[in-house]
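Here's the letter readout for the chains.
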Amino acid sequence: MEITSKTAFEAWKKALSFVLINGEEFNDDGRICKEVPNLSICILNPSKGIKEPIEELRKFKKWVYPPIEEIREIALEKNSNPAYSYSYGTRIFNFQGKIDQINDYIIPLLKNNSYSRRGVVSLWDPHSDSITYKKDVPSLISVDFLIRDGKLNTTYYIRSNDIFFGFPANVYQLFIIQKYVADQLNVPIGSLTVFSASAHIFDDQVESIQEVLKSD
Amino acid sequence: MHETEYQILSLFKGAAHKEFSTDELVKAVYPDEWSKIEQVLNSEIADRTQVSSAKRKKAKLHRKLLYHLNKLVDEEIIEVSRVEGKGIKYFKLALEAGEEFVIERYKRKIIITKPSLPAMPIERYEQEGIVFKFQPESWSNRLNAILIETKNYDYLKQLSKDIEDSFSIVNDVIALNNFECVFENWRVEEIMGFLKKLLVQTRDYGKNINLIINMENMNHEIKNMLAVFREFLKLKMENIDVIFDIKPRELHTHFTAVKGLVQIFSKKNTHIFIKNRDLHESPYLVGKAGTYTFNNDEWEIYKNEFKDNSLGLVCSQCSVIIDYNRFFRKFKTPKEFRYMIKQVATALLAANSLQRRNSQEFLSKVSRLNNPEKRQFFLFSRNYIRFWNYVVADPEKRELLFEVLKSSQNLINKFCLSQETIYKSCGMPTRFRIAFSSVFREADEKLLSTQTYKDLQIRKSEDLYSEETKDFFKAREKLLRIFNGGDRISINRVNLKDAEDACKEFTILLNNYSIPFFRYNFSPKPMGDLKLTQFIE
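Heads up: the sequence lines are chains A and B, in that order. Note that the working numbering has the first sequence beginning at 1, numbered continuously upward. Note that the working numbering has the second sequence beginning at 1, numbered continuously upward.
Just chain A, same shape as in the assembly (with noise of 0.2 Å):
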């Protein structure tokens, strides 16, 4: 299933709307999870109202949605923080203290060939999450940088995608690496598009969905 917005915030109410129509319900772990496969979300218009949706959450009092600059520097931070058990940042500019696939690849490669599908990154490191009883691995897998048209699109796959409280996070700090590329190759930003294996919600969240979807 695809769904298409110009803008994140209008992506992110189809894609609550949709699961909470579509989605298969089973028990996880206690909780009530509905959930659809494969689902894609394009965003076509990424640069505008990007931090929307976690302004929208923030004006829920029931919880305490991250600090936005903390939701920033994770996705930037390549030095591993003991206070995560694992952050994005470190996966993609340090990977295994070893590489920086950014800047040592990625925009090297699109300079070489801007035409290139060799722009891959990885975050899943089979090493150290490929472990059955380990409690907290990376949700994002990859990200494809692909410039068209003369922009950078990326497509992000994310094995397990909590639509309401994940997304608004994952899709700001997919955003800040799309455009950390895009400025480095000076190329106008395109689309953003995420992959998700496992589009989900949770029943505990229901509630909460209709007043979003209820909002302008």
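Don't take each hint at face value.
Cut-off 25 Å, straight-line C-alpha distance, at most; resulting in silico cross-link-like pairs (DSS-like, lysine-lysine) [as the list claims (entries may be wrong)]: (1) LYS61(A) <-> LYS406(B); (2) LYS14(A) <-> LYS62(A); (3) LYS288(B) <-> LYS196(B); (4) LYS414(B) <-> LYS59(A); (5) LYS236(B) <-> LYS288(B); (6) LYS62(A) <-> LYS406(B); (7) LYS134(A) <-> LYS288(B).
Non-contacting residues of chain B with respect to chain A, defined by C-beta distances greater than 10 Å in every case (computed) [to be verified]: (8) GLU33; (9) GLU38; (10) VAL40; (11) ILE77; (12) LEU195; (13) THR202; (14) PHE331; (15) PHE472.
Examples of chain A residues lying across from chain B (beta carbon under 7 Å, computed) [as the list claims (entries may be wrong)]: (16) TRP63; (17) ASN81; (18) SER85; (19) ASP136; (20) ASP162.
Hints in this document: simulated from the structure, not taken from any laboratory. Cβ atoms here follow ideal geometry from the backbone N, Cα and C, with glycine treated the same way.
Given chain A, put chain B in place with the hints provided.
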């Protein structure tokens, strides 16, 4: 960049929101000279000439540093925040929250960031004197308590270095787990040298150290242990506490050792801590704020998967103190109390976020303690909400206390789990837990309300069986089920004539009461006719 300016800026870098007085800056930049000057000025035997000379040297150090401080002020990197008393200046960074300096000079570069401080939703309660941050100046950029695994060190020198590095990241206590292994691996003279250095450091840095000795592992090292304590207790052990981790049956096995310890400690009219491992498996720590401990189920996981490969572990990140009595005098209702608790939890969440964001800097010195493969350092940490002036004599009010605390704890647990889930969904898996405990008076002597209760005092073993004592323990046992961050019972033993009596009393305490942790004070004489077990509101 001049070395002195670099040192000044490094201080601010580590505490971007803090203001420093000239004295504090001089002490940090010229520690050796300062220490010598202070020794003379604080000495009771220094003559007038020596004192005058020390004062002149102090003034000279001030002038020397002020030259560099004024340069930095002129460059608008720091500013004078206030002037007090006899012209004592305080300095702070000339940065707004969220701004950053990048100062590059002569191949040296320093980056100082002043993160935005989120608004804390507890300010109203702080203004009312109900809620206090423990160590407010380092609340969001220091940890309260860490545990170091002594057993995993091959060299005392390396242990000593890691402890010294840890002083800069901790604002309360560092505990050395399984300290009994040093008695097996090193000579008495080496251990004494290590402990003497620790003693000086704890005074200089104003931190506490715990030596946790697991009696299960004591065999032929007992002789060494007694020899060390006999020597060490000749010194004034102000900030170092010894915690004996013991099961009741081990009291019997190690009776001679325990008796020996009692003789040594009682002779010095000091105290020992005893933790009952049958009741509580994970270590207890004790600092200025109060007791700290780990969740027992999580401790089992730690023991099985991490203990052998880890050098250190965070026990507590941040603490907030609540004056229970003051709250209810002002606000009256349990509902409002639960609302306040939620606000406190939100404030702790914000503080943890700041700590994480600052952690690259302030944790860099202790990166050795975190195993990069295991990433265990924060895995079992908790924040603390500590209560003051909560104990009540009236049974009805006591029941209200239990109900209020229990319901608040349920609320907090749900909040913590939901926040962890949210962070995990955002690709930021981190730990957020809160434990309840009591607070010690030393945590904030000036601000906490007057609480007039006294510790339990006993003159003979039979006192432990009195009805008053039983009631006292019963109330504390019930509270301990709620204080999942631990609690301490303090017992004053007066007129101890025979060490065997104390051993007998330990047996009674360990076998008859569900109190996992207590402090046994060897008092020289009774304190008036204070035998009381009542808590006066």
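Status of each hint after checking the structure:
1. LYS61(A) <-> LYS406(B): The given pair, whose Cα atoms are some 23 Å apart, holds under the 25 Å limit.
2. LYS14(A) <-> LYS62(A): holds (23 Å)
3. LYS288(B) <-> LYS196(B): holds (21 Å)
4. LYS414(B) <-> LYS59(A): Holds, because 20 Å separates the two Cα atoms, which is no more than 25 Å.
5. LYS236(B) <-> LYS288(B): holds (17 Å)
6. LYS62(A) <-> LYS406(B): Judged against 25 Å, a Cα distance of about 20 Å means the pair holds.
7. LYS134(A) <-> LYS288(B): violated (36 Å)
8. GLU33: holds (36 Å)
9. GLU38: holds (36 Å)
10. VAL40: Since the minimum Cβ distance to chain A is about 43 Å, VAL40(B) lies beyond 10 Å and the statement holds.
11. ILE77: Holds, since 23 Å exceeds 10 Å.
12. LEU195: With a cut-off of 10 Å, LEU195(B) remains clear of chain A, as the shortest Cβ separation is near 29 Å.
13. THR202: holds (25 Å)
14. PHE331: At roughly 20 Å from the nearest Cβ of chain A, PHE331(B) sits farther out than 10 Å, so the non-interface label holds.
15. PHE472: holds (40 Å)
16. TRP63: Nearest chain B Cβ about 6 Å off; hint holds.
17. ASN81: For ASN81(A), the interface hint holds, since the closest Cβ of chain B sits about 6 Å away, which is under 7 Å.
18. SER85: holds (4 Å)
19. ASP136: With a closest approach of 4 Å, the ASP136(A) hint holds.
20. ASP162: holds (4 Å)
Hint 7 from the list above is the single one not met by this structure.
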